[in-house]
Every structure is written in C-alpha cells, then in structure tokens.
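Trainee: Sequences are here, hints too, so could you generate the full structure?
2 protein chains.
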Amino acid sequence: MKLYWSSTSPFVRKVVVSAHELGLSDRLETIQTRVAPSKPDPALLPYNPLGQLPTLVLDDGTVLYDSLVIIEYLDHLAGGAKLIPSSPERRIEELRLHALCNGFLDLLVQWRIESLKDTKQIALINAFNLKASKIWTNLEATVEGLAQQPFGLSSITLAIVAEYADFRFPKLGWREKYPALSNWHQSIQTRPSLASTRFFDSSKPQ
Amino acid sequence: MKLYWSSTSPFVRKVVVSAHELGLSDRLETIQTRVAPSKPDPALLPYNPLGQLPTLVLDDGTVLYDSLVIIEYLDHLAGGAKLIPSSPERRIEELRLHALCNGFLDLLVQWRIESLKDTKQIALINAFNLKASKIWTNLEATVEGLAQQPFGLSSITLAIVAEYADFRFPKLGWREKYPALSNWHQSIQTRPSLASTRFFDSSKPQ
Chain A
1 MKLYWSSTSP
11 FVRKVVVSAH
21 ELGLSDRLET
31 IQTRVAPSKP
41 DPALLPYNPL
51 GQLPTLVLDD
61 GTVLYDSLVI
71 IEYLDHLAGG
81 AKLIPSSPER
91 RIEELRLHAL
101 CNGFLDLLVQ
111 WRIESLKDTK
121 QIALINAFNL
131 KASKIWTNLE
141 ATVEGLAQQP
151 FGLSSITLAI
161 VAEYADFRFP
171 KLGWREKYPA
181 LSNWHQSIQT
191 RPSLASTRFF
201 DSSKPQ
Chain B
1 MKLYWSSTSP
11 FVRKVVVSAH
21 ELGLSDRLET
31 IQTRVAPSKP
41 DPALLPYNPL
51 GQLPTLVLDD
61 GTVLYDSLVI
71 IEYLDHLAGG
81 AKLIPSSPER
91 RIEELRLHAL
101 CNGFLDLLVQ
111 WRIESLKDTK
121 QIALINAFNL
131 KASKIWTNLE
141 ATVEGLAQQP
151 FGLSSITLAI
161 VAEYADFRFP
171 KLGWREKYPA
181 LSNWHQSIQT
191 RPSLASTRFF
201 DSSKPQ
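Those protein sequences? They're chains A and B, same order as listed. Residue numbering for the first sequence follows full-length UniProt numbering, beginning at 1 and increasing consecutively. Residue numbering for the second sequence follows full-length UniProt numbering, beginning at 1 and increasing consecutively.
Simulated from the structure, these hints should not be mistaken for lab results. What you are looking at is a predicted structure, and each value in this text was computed from that prediction instead of being measured. A hint or two may mislead.
Chain copies aren't distinguished; within one or between two, either way the pair holds.
[To be verified] DSS-like mimics (lysine-lysine), calculated; alpha carbons at most 25 angstroms apart, straight line:
hint	residue 1	residue 2
1	2	39
2	2	134
3	39	134
4	171	2
5	2	82
6	171	204
7	2	177
8	39	117
Mentor: This is the structure we're talking about:
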C-alpha cells in the first residue's frame, strides 16, 4: 500500500501511528509529498482531487482518504474493532471525541498558516485563541476517563494534538495550564507508535 | 433533540436531509445560529468548543458533532445501515465518496470566504479552481454508478454539493460542463428531504 505522506502533517501521522498500533506499519510504503493550500501537488491530484494528505493507494488501485476512512480500513484489515469500538454507543462516543481532537488539529493547522502571513487577520487569530482555550479545557476534563480506555482512535488523535502543539506552537505553554493532559501525554509518549513517528521539519537541518 | 442550525450551512443540511430520509425530522428542534471563522457564537461554545455547525444536543444532554457523527447516530436511531452500509467493503467505499463530497463542500465554503475578502489571495483561488475542476471530473465519472445505489450518505452529500454550488456560485456554470451530474441531480431534486430543506439566505429579503 502506498501512503502519500509528509513528516509535518498531523493527519498523516494519525494514519502512521494507527498502522503501528495495528501491526501494519511494514505494509505501508510512504511517498514524500509536500502540499499547501495554494500549492497542490500535481502528482497527488489524479489519486485525490482534493489534493490532501494522507491519501492511501491500495495494491489493487483503490484509493482511500481522508485519515478517518484510511484508519477505519486499516482497523478492518487488522481484524476490526481494534481502534474503533464496534458497539454503536461506544463507537459514537469514540467518533465524537475524535471529531473534537481532529477539529482541533484543523484549527491549529489553520492558525499556523494565518500566523505565517505578512498581513494577519487579528479577529481570526483571536477566534482561534478563544476556541483553543475552550477545547483545551474540555479535553483537560475528559482525559482522566480516556486513560481508562484502550489506546484507540481518539487517544491517538489527542496524543498527536499534544505533540503538534509542542512542534508548531512551542510558546503556547499548554502543559502548565492543563496538567492532567500533560501528565496523560507523558504517560503514553514512549509507546513505539508515537516514539518512532515524531514530527520533524524536513526543510530544516536536523 | 436540539440541532444548532443555519439555513446556509451545507454541513447542517446534510444532517437535516438525513433526518428526513430516516423519518426523524420531527424529532429535531432547530436553534438558529450564526457562526463565521472570526465570529464564534458564545451560546454554542459550551456545547461544542470548536464553535462549529451542526451540533446536536440529545435529550439526556449528550452532545454530538461533526455532521458525520450525527448522521451515524441518527442512522443507528432509525435501526442502522439505512444511510451507511454495514458491510465493511461497501461502508469504506461509501465513506470515501462522502469524504470527497464533504471535502468539496469544505473547499467551496473556504472559496466563498476568500472571494468575499477585500484582498484576495490569487494563488489560493487558483488552487480552488484547479481542485474543483478535478473533483467535478471525478464526480462526473462516478455519478452513473451512484444512481444505481440507495440514496444514502454519499448521495445526500453530493446532492448538497450541487445545490450549494447553485446557491453560492451561480456563475460557475457547472451544469453545462458536467451533464451526467446535472442530470442525476435533476432526477433526485424532487425528493421531499431535499425539496423541503433548500438553502436560503435569511439575511436577505425572500
């Protein structure tokens, strides 16, 4: 299976961490891809006309996206209900928490794009700040329950929120403000699926 | 159930059309809500810290988002596998096509936001144009197969793509360029779920 991949995309990393957790990572061949909202990759568009990462091309030519669809496919491939519960009630709650964490990743990516512009929209950055504080507070109250659950889709996405915030917003200081979240992340960060897939910026010297 | 709602949101409309198709629309109480990227609604944030529509609050206080999670919940409430197939292979294909149509809605919403700005990013608008032509072409080739399927999640989302394009991009002229899509939409547009939930701009006189 070929995965259109980038070392800085939190959505790609969800897939790679999931594949590790499912024991499928050696089946993924990664294709380094660089996309930005204004710069689609012409090599990716024939597979995914949205021009987005991650995109997975199966050996039979079937193309899958977005990250949630790919993870659901990999979970099925590994026997099912490993990362996403099968009972409807627990499944809906897992997908709701995933939607919160994934929406937070979307917000952080948009925030970063806005913050790199010469002319920033102050009202938009204020809205990102307000929503981020509401989301962190919600997650801080949720994480104790999460620690009792298997390390599945929503835990993976929350771990990536924490590491993406560290990677792209090192001055945010979230760990001091949200100690339960920080402690939870400390307790799971040595998992091989996370430790072997850290974010890095390939455009900078390592 | 209370649905945080707007007459112009394609993501809200996915939920409302799905509820109609499932015979659940009379269980939804809609709460008119106005959100923009720079203007979160303070009344919505306690329920959904992402500040996004749609958000569903169940009678027991459980809060659900995003649109896909809400639709999966409503489908379960109606007995299951009505709008999203249950067999893994067909389910993954349905979710992949939903991801394409839903990603197109995201693109169209962002395109509209950019087009309303005083200072537009030309490279970004060019990228929207390029991706949109690739997506339309992909959908034009897909729609014949879709017409053979039950009217489910991906059909609903594609119908909303067509009507959102007509609503917000009337000069795009997509119907002339993509006749199979236009014919498919003509064939399904009289469904009560669509006919009774059309987009309208409540800020303009009707």
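Trainee: Is it within a copy, between copies, both, or neither that the alpha carbon of residue 2 lies no farther than 25 angstroms from that of residue 177?
Mentor: neither (40 angstroms within a copy, 32 angstroms between copies)
Trainee: When no copy is specified for residue 171 and residue 2, does a C-alpha distance of 25 angstroms or less occur within a copy, between copies, both, or neither?
Mentor: So residue 171 and residue 2 fail the 25 angstroms test inside a copy (35 angstroms) and across (38 angstroms) alike.
Trainee: Could you place residue 39 and residue 134 in one of the four classes (within, between, both, neither) given a Cα distance threshold of 25 angstroms?
Mentor: So residue 39 and residue 134 pass the 25 angstroms test across copies only (14 angstroms; inside, 32 angstroms).
Trainee: Since the copies are identical, ignore which copy is meant and state whether residue 171 and residue 204 lie within 25 angstroms (CA to CA) inside a copy, between copies, both or neither.
Mentor: Within one copy only: 19 angstroms inside a chain, 44 angstroms across chains, cut-off 25 angstroms.
Trainee: I want to check one pair: residue 2 and residue 134. Are their C-alpha atoms no more than 25 angstroms apart within a copy, between two copies, both, or neither?
Mentor: between (37 angstroms within a copy, 21 angstroms between copies)
Trainee: Have a look at residue 2 and residue 82 and pick one of within, between, both or neither, based on CA distance no larger than 25 angstroms.
Mentor: For residue 2 and residue 82, only the intra-copy Cα distance (22 angstroms) is at most 25 angstroms; the inter-copy one is 32 angstroms.
Trainee: Should residue 2 paired with residue 39 be assigned to within, between, both, or neither, using CA atoms and 25 angstroms as the limit?
Mentor: Close inside one copy (21 angstroms), not across copies (40 angstroms); limit 25 angstroms.
Trainee: Checking an output row: residue 39 and residue 117, CA cutoff 25 angstroms. Within, between, both or neither?
Mentor: both (15 angstroms within a copy, 20 angstroms between copies)
In summary, the numbered hints that this structure violates are 4 and 7.
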